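S.K.: With the hints as constraints, model all of the structure from the sequences given.
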Amino acid sequence: RDGAGKPAKDVPMLAGQYTSYLWRQVPKYLDGRRIHDSDSPDEEILAEFSDAELQDIFAYLSILDD
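The number in the working numbering is simply the position in the sequence shown, starting from 1, with 25 added.
Keep in mind the hints are simulated off the structure, nothing from the lab. Just so you know, not all the hints are guaranteed correct.
[Claimed, not checked] Mimicking EDC-like on lysine to aspartate or glutamate, the simulated pairs with C-alpha atoms at most 20 Å apart in a straight line are:
{"#": "1", "residue 1": "K53", "residue 2": "D76"}
{"#": "2", "residue 1": "K53", "residue 2": "E73"}
{"#": "3", "residue 1": "K53", "residue 2": "E78"}
{"#": "4", "residue 1": "K31", "residue 2": "D90"}
{"#": "5", "residue 1": "K53", "residue 2": "D35"}
[Unchecked claim] With beta-carbon atoms standing in for the labels, derived distance ranges:
{"#": "6", "residue 1": "P32", "residue 2": "S75", "range": "27 to 33 Å"}
{"#": "7", "residue 1": "A33", "residue 2": "D81", "range": "26 to 32 Å"}
{"#": "8", "residue 1": "A33", "residue 2": "A77", "range": "29 to 35 Å"}
The model shown is predicted, which means the values in this text are computed figures rather than measured ones. Ideal Cβ positions, reconstructed from N, Cα and C, are used throughout, including at glycine.
M.R.: Encoded structure:
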């Protein structure tokens with residue numbers, strides 16, 4: 026929820042990431058190329074959001090560490 030990730034489970038921190046980086050990861054996440062996603066039960070979670078909703082989420086994540 027706070028974008029901090031889970032280092033013990035190799036889940037990367039999303040807070041403070043550039044939105045352009047996050048956008049580049051979307052197709053990789055959706056088609057399973059992200060190494061941290063192999064055992065995720067929510068592997069299709071990004072498919073549930075529209076591009077506009079993802080843009081808002083990514084904008085929020087990018088300012089979390091400010």
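S.K.: All hints are to be evaluated individually against the structure, with a verdict given for each.
M.R.: Now the hints, each set against the structure:
1. K53 / D76: holds, 15 Å
2. K53 / E73: holds, 16 Å
3. K53 / E78: The hint holds at about 18 Å.
4. K31 / D90: holds, 16 Å
5. K53 / D35: holds, 17 Å
6. P32 / S75: 27 to 33 Å: holds, 30 Å
7. A33 / D81: 26 to 32 Å: holds, 29 Å
8. A33 / A77: 29 to 35 Å: holds, 33 Å
Hint violations for this structure: none, all hints satisfied.
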